[in-house]
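**Student:** Using the sequences plus the hints, can you model the full thing?
Quick note, the sequences are listed as chains A and B, same order. Going by the working numbering, the first sequence opens with residue 1, and the numbers climb by one from there. Going by the working numbering, the second sequence opens with residue 398, and the numbers climb by one from there.
Just so you know, not all the hints are guaranteed correct.
[To be verified] Here are the computed lysine to aspartate or glutamate pairs in the DMTMM-like style, where the Cα-Cα straight-line distance is at most 20 angstroms:
1) B:K621 to A:E287
2) A:K274 to B:E614
3) B:K446 to B:D421
4) A:K164 to A:E213
5) A:K268 to B:D605
6) B:K583 to A:E245
7) B:K621 to A:E278
8) B:K476 to B:D576
9) B:K515 to B:D576
10) B:K475 to A:E148
11) A:K336 to A:D353
12) B:K476 to A:E148
13) A:K268 to B:E609
14) A:K306 to A:E325
15) A:K95 to A:D149
16) B:K640 to A:D165
17) B:K476 to A:D149
18) B:K455 to A:D353
19) A:K268 to A:E287
20) B:K546 to B:E614
[Unchecked claim] Label pairs and their calculated CB-CB ranges:
21) B:K583 to A:N233: 29 to 35 angstroms
22) A:Q160 to B:V408: 35 to 41 angstroms
23) A:R98 to B:G438: 54 to 60 angstroms
No wet-lab data here; the hints were simulated from the structure. We put the beta carbon where it would ideally sit given N, CA and C, even for glycine.
Read off the chains here:
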Amino acid sequence: MAWNQPGGNGKDPWGNRGSQGPPDLDEVLKKLQAKLGRMFGGRRGGIPGGGGFRFGAGGAIGFGAILIAAIALWALSGIYIIDPPEQGVVLRFGKLVRTVDPGPHWRPRFIEDVIKVNVQTIRNQDIGFRRQAASVSSVPHEALMLTEDENIVDLQFNVQYRVKDASNFVLEVVDPEITLKQATESAVREIVGRNTMDFVLTEGRAQVAAEAETMIQEILDRYRTGLQLTTVNMQDAQPPDPVQEAFLDAIRAREDQERIINEANAYKADIVPKARGEGAAILQRAEAYRQRIIAEAEGETDRFLKVLDEYRKAPAVTRERLYIEAMESVLAKSSKVMVDVRGGNSLIYLPIDKLLGSRPGSADEDSEIGAGRDRSVPQTSRDDAARTRSGLRERTR
Amino acid sequence: MNRAYIIGIVVLAVIGALSVFIVDEREVALKLRLGRIEQVGYEPGLHFKWPLVENVLKFDARIQNLDADPQLYLTVEKKNVIVDSFVKWLVQDVERFYTSTGGSVLRANDRLQAVVVKQLRDAFGSRTIQQVVSGERAEIMDQLVLALKRQADELGVAIIDARMKRVDLPERVSQSVFDRMSAERKEVAKRFRSEGEERGRRIRADADKQREVILAESERDAQKIRGDGDGRATEVFANAFSKDAEFYALYRSLNSYKNTFNNSSDILLLEPNSQFFRYFKDAQGKR
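**Tutor:** In structure tokens form, the structure reads like this:
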């Protein structure tokens with residue numbers, strides 16, 4: 001155990017004290033010698049100086065000397081030291097008289113007893129598991145406990161404590177440290193039993209530990225164990241081994257859920273803006289079409305109106321000219337066969353395929369009936385109109 | 398002479414030793430004179446007695462720990478639970494303690510344990526596991542303390558506390574609890590995944606819908622715009638062409654001919670009797 005058994009004889013005061021005693025001790029001895037000498041040995045004992053002990057010189061003197069030595073030994077053996085982390089509980093004939101702090105002290109041996117208790121060192125108790133060297137092994141019957149919803153959780157606690165009150169620790173309870181363990185188990189199980197598994201395993205961990213600390217301390221005080229908790233750590237809060245896999249899978253499922261949703265959101269984030277872009281493109285194309293079609297219409301009608309103006313000045317001629325130009329253009333570009341056999345009953349053989357092969361196709365750009373643009377390099381319409389007029393004049397002659 | 402002194406001192410010492418006793422802080426003591434209880438209630442310290450005729454019994458005065466083996470109890474649903482409890486007590490009335498147990502801590506423990514077993518059996522027999530584990534745990538412990546206190550007076554002890562440590566299911570039942578927990582987790586896992594799938598599909602469908610709607614609306618607006626354009630173009634055409642419908646017909650027809658026959662693969666079989674060929678055979682243009 002951490003504290004010495006009553007009597008504290010394990011540490012021999014002689015060994016510790018050594019050189020500190022002698023000066024005072026000599027005086028004490030001399031005084032004692034003097035007193036005892038007067039009592040027992042009459043005159044002789046009073047001789048001052050270094051007469052020393054003369055064993056065997058006379059019965060009374062010898063007896064007195066032995067007695068003095070015995071008393072000296074007794075006095076010396078009463079010296080004890082309390083080490084810094086300790087406190088001493090002093091019992092006089094079994095009755096608690098005081099507790100003493102670290103330092104050298106003296107007590108009358110056989111009358112007073114000292115029990116040393118280490119009150120500074122933080123002690124440790126593991127519940128639900130045991131440490132052996134580096135490895136940690138679970139203790140199921142301590143670790144597994146029922147929750148409110150009749151599930152079983154696996155909790156591992158580590159309780160740290162120190163002795164608060166040395167006299168209570170020594171005097172009041174049969175086994176304070178077993179009591180601590182009982183209190184811890186009892187408190188933790190009571191608290192866990194009041195809560196659901198989910199709570200205990202997740203957000204309630206800290207709360208369970210905190211409640212346990214309060215409850216354990218309260219129990220320890222009620223039992224006067226003299227112990228003070230310093231920390232209650234919940235080392236581990238898990239579902240029990242047999243269901244571990246299912247729990248992990250549930251956690252993975254939650255992740256999967258997140259993942260599936262995120263993927264869907266990513267899909268959405270991908271296609272919706274694209275669709276918006278495409279929609280805008282459609283509108284732009286439509287707008288382009290609209291503007292184009294209007295512009296074309298305006299262009300076309302402009303052109304028509306120009307021609308119409310001129311037409312009105314000389315309708316017959318212009319009509320004729322336009323017709324002939326159009327037919328010219330048509331016939332110039334097409335393959336044609338003139339059949340000038342009126343009412344003939346003879347069959348004409350026309351090898352169309354050969355006709356097709358004989359002339360290379362001549363695609364033409366936009367050359368509509370108009371101001372004779374197909375006969376000249378592009379010019380402004382006003383010029384065209386003027387030219388047309390002059391041309392018309394020529395032809396009418 | 399000296400020898401007599403020594404003998405005298407030794408005898409006195411022996412008598413002295415026999416006539417004092419020490420009561421430790423951790424003990425309570427009882428003085429018997431020839432088998433009859435003479436005095437109790439000693440303070441810790443040094444006390445005297447007559448040698449030989451009186452003797453002193455000392456008992457542990459510290460808080461005792463009764464921590465028996467776990468016991469099985471049946472709950473109201475006929476389920477077994479393992480219960481591990483402990484009782485903290487101390488000797489209060491030395492005289493009664495001595496007479497009722499012979500001063501034996503073990504015997505006192507046995508008596509108290511019997512009370513614990515009976516009390517817990519009653520308490521568990523009228524409650525469900527759920528109540529035992531959570532709801533009425535404190536109540537059960539309080540009642541246990543009360544029951545023990547009734548017995549305690551008889552034993553001359555004081556009950557400091559009684560608590561349940563473990564309230565657990567037996568091994569075999571535990572296994573079925575584990576199975577149930579696993580099944581629950583599997584259900585939860587399935588639900589998580591399915592709900593994820595559900596929301597994922599909703600989101601995708603919504604996205605698809607949005608895309609369709611956006612495109613369709615754009616198409617609609619586009620058609621409106623095109624229609625507007627067409628309308629405007631038609632209006633422009635109509636305004637212009639209605640100025641001379643007959644000429645327009647000519648103009649447009651001629652353009653159309655040109656556009657239609659503009660390739661050498663267009664083969665025209667012609668008779669020279671159209672206006673175009675008026676002069677083809679006759680410079681006077683006569684028929």
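**Student:** Next, verify each hint and record whether it holds.
**Tutor:** Hints and how they fare:
1. This hinted pair checks out: K621 (chain B) and E287 (chain A) have alpha carbons roughly 10 angstroms apart, not beyond 20 angstroms.
2. Straight-line distance between C-alpha atoms of K274 (chain A) and E614 (chain B) comes to about 14 angstroms, which keeps the hinted pair within the 20 angstroms bound.
3. Restraint check: the Cα-Cα separation between K446 (chain B) and D421 (chain B) comes to about 16 angstroms, which is no more than 20 angstroms; the hinted pair holds.
4. This hinted pair checks out: K164 (chain A) and E213 (chain A) have alpha carbons roughly 15 angstroms apart, not beyond 20 angstroms.
5. The hinted pair formed by K268 (chain A) and D605 (chain B) meets the criterion: a straight-line CA distance of about 8 angstroms does not exceed 20 angstroms.
6. Pair hint K583 (chain B) plus E245 (chain A) holds up; C-alpha atoms about 10 angstroms apart against a cutoff of 20 angstroms.
7. For the proposed pair K621 (chain B) and E278 (chain A), the alpha carbon gap of about 17 angstroms is at most 20 angstroms, so the pair holds.
8. For the given pair, K476 (chain B) sits about 17 angstroms from D576 (chain B) by alpha-carbon distance, which is consistent with the 20 angstroms threshold.
9. Restraint check: the Cα-Cα separation between K515 (chain B) and D576 (chain B) comes to about 33 angstroms, which exceeds 20 angstroms; the hinted pair is violated.
10. Straight-line distance between C-alpha atoms of K475 (chain B) and E148 (chain A) comes to about 18 angstroms, which keeps the hinted pair within the 20 angstroms bound.
11. Between K336 (chain A) and D353 (chain A) the CA atoms are separated by roughly 13 angstroms; this keeps the pair inside 20 angstroms, and the hint holds.
12. Our distance criterion of 20 angstroms between C-alpha atoms is met by K476 (chain B) and E148 (chain A), whose separation comes to about 16 angstroms.
13. Taking the CA atoms of K268 (chain A) and E609 (chain B), the gap is about 12 angstroms. The hint holds against a cut of 20 angstroms.
14. For the hint linking K306 (chain A) to E325 (chain A), the alpha-carbon distance of about 17 angstroms falls within 20 angstroms, and the restraint holds.
15. Between K95 (chain A) and D149 (chain A) the CA atoms are separated by roughly 51 angstroms; this puts the pair beyond 20 angstroms, and the hint is violated.
16. Only pairs whose Cα atoms come within 20 angstroms are accepted, and K640 (chain B) paired with D165 (chain A) is rejected, the gap being roughly 120 angstroms.
17. Taken as a hint, the K476 (chain B) and D149 (chain A) pair is honoured in the structure, with Cα atoms around 15 angstroms apart against an allowance of 20 angstroms.
18. Of the supplied pair hints, the one linking K455 (chain B) and D353 (chain A) is violated, its CA atoms being roughly 140 angstroms apart against a limit of 20 angstroms.
19. Straight-line distance between C-alpha atoms of K268 (chain A) and E287 (chain A) comes to about 28 angstroms, which puts the hinted pair past the 20 angstroms bound.
20. Our distance criterion of 20 angstroms between C-alpha atoms is broken by K546 (chain B) and E614 (chain B), whose separation comes to about 85 angstroms.
21. Distance hint check: the CB atoms of K583 (chain B) and N233 (chain A) are about 32 angstroms apart, consistent with the given range 29 to 35 angstroms.
22. Q160 (chain A) and V408 (chain B) have their C-beta atoms about 57 angstroms apart, which leaves the hinted 35 to 41 angstroms range violated.
23. Between R98 (chain A) and G438 (chain B) the CB atoms are about 24 angstroms apart, so this pair departs from the stated range of 54 to 60 angstroms.
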